[in-house]
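Using the sequences and the hints, build the whole thing.
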Amino acid sequence: MVKTQLFKQIENPNNFRKEILESSKEVIENLKIQQRIIDIREKRFELSKELKIIFKEINLLFDQTKDHLPVEIITSFIEEQKKKTKNKPKVKTSSTKTKKKLADIMPEPSELNKLETKLADIESKLKSLN
Amino acid sequence: MDNQIFVKIEEYDQVLKTVNLVKDKIGKAEEIIGKITELKSQEEEELNNWSANLEIVKEKVSGIENELAQSKKA
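Sequences listed follow chains U and V, in order.
For the first sequence, counting from 1, position 106 maps to 106 in my numbering; every step adds exactly one.
For the second sequence, counting from 1, position 7 maps to 7 in my numbering; every step adds exactly one.
Rather than coming from a laboratory, the hints here were simulated on the basis of the structure.
Hints may be right or wrong, so weigh each one.
Within a straight-line C-alpha distance of at most 25 Å, the following computed DSS-like cross-link-like pairs (lysine-lysine) qualify [unchecked claim]: (1) V/Lys58 with U/Lys56; (2) V/Lys60 with U/Lys25; (3) V/Lys23 with U/Lys52; (4) U/Lys118 with V/Lys23; (5) U/Lys83 with U/Lys127; (6) V/Lys28 with U/Lys118; (7) U/Lys49 with V/Lys23; (8) U/Lys125 with U/Lys82; (9) U/Lys32 with V/Lys40; (10) V/Lys40 with U/Lys49; (11) V/Lys60 with U/Lys8; (12) U/Lys83 with U/Lys118; (13) U/Lys32 with V/Lys60; (14) U/Lys49 with V/Lys28; (15) V/Lys8 with U/Lys8; (16) V/Lys8 with U/Lys66; (17) U/Lys66 with U/Lys56; (18) V/Lys25 with U/Lys52; (19) V/Lys28 with U/Lys43; (20) U/Lys32 with V/Lys8; (21) U/Lys66 with U/Lys52; (22) U/Lys125 with V/Lys60; (23) U/Lys125 with U/Lys86; (24) U/Lys18 with V/Lys58; (25) V/Lys60 with U/Lys56; (26) V/Lys17 with U/Lys56; (27) V/Lys25 with U/Lys118; (28) V/Lys17 with U/Lys66; (29) U/Lys118 with U/Lys49; (30) V/Lys58 with U/Lys32; (31) V/Lys28 with U/Lys52; (32) U/Lys125 with V/Lys8; (33) V/Lys25 with U/Lys49; (34) V/Lys23 with U/Lys56; (35) V/Lys58 with U/Lys66.
Chain U side only, calculated, beta carbon under 7 Å to chain V, not exhaustive [as the list claims (entries may be wrong)]: (36) Lys43; (37) Ile58; (38) Asp63; (39) Thr65.
Source: prediction; values computed, not measured.
Idealized CB from N, CA, C, for every residue including glycine.
Shown next, in the form of structure tokens:
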């Protein structure tokens with residue numbers, strides 16, 4: 001038995017081919033754009049890394065500046081802090097076992113947490129200066 | 001004044017030098033932030049090109065669909 005095959009006639013084959021080729025061209029253009037976006041993001045990432053280093057350097061320089069101040073100020077500040085903590089009511093601390101367990105569960109402080117702690121420290125120093 | 005402090009001249013000079021270094025670093029940071037901002041607007045432009053191109057592709061596909069719909073059964 002001979003199988004009957006059905007065909008569809010494309011009315012305007014040249015136009016059809018043209019549309020497909022042009023679509024393909026646009027898709028390739030989109031891939032090019034995507035590559036350019038990746039390049040831009042990589043550059044931005046590199047620059048932000050550079051910026052982070054500069055900020056860290058600035059922070060170090062500020063620390064150096066603090067080191068040039070007379071030690072008396074720092075010691076008086078530490079004494080003030082000690083007095084404050086002495087006046088605070090004592091809170092029951094958990095046993096060493098639970099502390100160890102907590103240390104196991106708690107993850108290492110992230111960079112952001114470290115910065116938060118540093119900020120809090122600076123803010124408390126500022127308050128004591130006011 | 002209770003809060004008066006005295007800093008050795010050498011230390012004072014060192015502080016001045018450090019402050020100048022900080023100023024330099026700030027200048028560099030400003031330069032980098034400028035570059036990042038420029039790159040950000042470049043990226044935005046590329047994203048706009050992307051969606052404009054996608055619109056063109058959408059139109060082309062609908063043109064192809066129309067061509068197919070108009071074709072006759074042989």
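Open item on the list: Check the structure against each numbered hint from earlier and tell me which ones fail, lowest number first.
Closed with: 1, 15, 20, 22, 25, 35 and 38
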